[in-house]
Amino acid sequence: MIQRLFEAFFQALAFLILASGWYVSTVDVGVLYLACVNVLVPSQLVLYLYLCSGRRTHNVPIYSFPDKASLVEPYQCVNMNGDFAQCDKAGCNGRWKPPRTHHCSSCGVCRLEFDHHCPWIGNCVTLSRQKAFLALLYLTPVAFAVAVLPIVHTLYLQFVLAISVSRADPWTNEIWWDWIGSWILCAGPLGRWPVGAFLGFRILWSMDHGDVPPYPGQSIDQPHLRIIGTCMIAFLLSAFALGMALFSTKLVLQGTTMLESLLKKGSKYPLLICIPVQSNAFNVHDVVPGERIYDLGSAQNWRVFMASQVFPCATLGPYQWPKLNPCMIRRMRAAGRTEVAD
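Throughout the sequence shown, residue numbering follows full-length UniProt numbering, covering 1 to 342 in sequence.
Quick caveat, the hints were computed from the structure, so don't treat them as lab data. Keep in mind that a hint or two might mislead.
Stated by the list, open to error - With a straight-line Cα cutoff of 30 Å, these simulated BS3-like cross-link-like pairs (lysine-lysine) come out:
(1) Lys-89 to Lys-68
(2) Lys-250 to Lys-323
(3) Lys-131 to Lys-250
(4) Lys-131 to Lys-323
As the list claims (entries may be wrong) - Label pairs and their computed distance ranges (CB to CB):
(5) Gly-336 to Ala-299: 46 to 52 Å
(6) Ser-70 to Ser-106: 32 to 38 Å
(7) Arg-202 to Pro-42: 29 to 35 Å
(8) Thr-154 to Gly-191: 19 to 25 Å
(9) Pro-326 to Ile-233: 21 to 27 Å
Model, not experiment: these values are computed from the prediction. Heads up, the beta-carbon is just placed ideally off N, CA and C, and yes, glycines get one too.
Can you make the complete structure from the sequences, with help from the hints?
Now the structure itself:
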């Protein structure tokens, strides 16, 4: 319950940043931004709402256990008998857990092609939704740059003005600049300047008597804390989104998911691959350290990713077994032939 409340807070914060950014860019700044911002921000909003949807339904596998004797292609198994994984957690009742499926404790369901659970959307990111997720991540810094770069010099001058006003005011010097705690609180020495600027903007706001009628772009022409605050929060969110996008792109090129990359480093269970040899006969091999089970090569991984849809069908079709690393399979088959020869 507490985790869900935190996720609801993150979702509300992300939605508020999107809405505030759109309002600032179109209403406060003026019509100059309409063409770009009114395409980028609504696109972000559509992607965000899509990723938030289907918390209990999307990519939830409901398949019967396959017949092991009928399989001819290699697959990931859980033991030396080539058995399949099953989920005994609440709500799954021993149902088959296909390869690359993970039971999300936050959502309470098994998720096919699970990548990670994202608190910002309160939902799981899966391989089928990864294209939409990456589009949202890359659009965030682009939309921020389009909205802010034309006015960044003006915002910088206003920030310097707020600092100057704050340093010249006896009260702010007493409570902040001359206080030893200002070097410790709010991220240490670097935090002195944002807090000092905030106090300066409050002084400038108190000096504004509203003599000038409001006009489009007034918040940019005149120092305004709301604009600076929105830009700072949006910058931090954009930097986080860009870092996450680059990391996720790396995983796409490696043919792995975030969960698989974490399990590979600290898994206490061996990763096993079952290779059918003939009817009712098979060989089971360990995955050696450093091997990525579903890595088809960077170029092929990227082609598979680009061929996927941004908004795939909500209903799962017949189960498609994932293709395995061809180099790994060749190694295992060669090892199997060597064992037979011995």
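Taking the hints in turn, this is what the structure says about them:
1. This hinted pair checks out: Lys-89 and Lys-68 have alpha carbons roughly 23 Å apart, not beyond 30 Å.
2. Only pairs whose Cα atoms come within 30 Å are accepted, and Lys-250 paired with Lys-323 is accepted, the gap being roughly 19 Å.
3. A distance of roughly 13 Å separates the Cα atoms of Lys-131 and Lys-250; the hinted pair therefore holds under the 30 Å criterion.
4. For the proposed pair Lys-131 and Lys-323, the alpha carbon gap of about 19 Å is at most 30 Å, so the pair holds.
5. Range check, Gly-336 to Ala-299: about 28 Å between beta-carbon atoms, so the 46 to 52 Å window is missed.
6. Between Ser-70 and Ser-106, the C-beta spacing of about 35 Å keeps the proposed range 32 to 38 Å intact.
7. Restraint check, Arg-202 to Pro-42: a C-beta distance of roughly 33 Å satisfies the suggested window 29 to 35 Å.
8. In this structure the supplied range 19 to 25 Å holds for Thr-154 paired with Gly-191, their Cβ-Cβ distance being about 24 Å.
9. Range check, Pro-326 to Ile-233: Cβ separation about 46 Å, and the 21 to 27 Å hint is violated.
Hint compliance for this structure: hints 5 and 9 are not met, and every other hint is.
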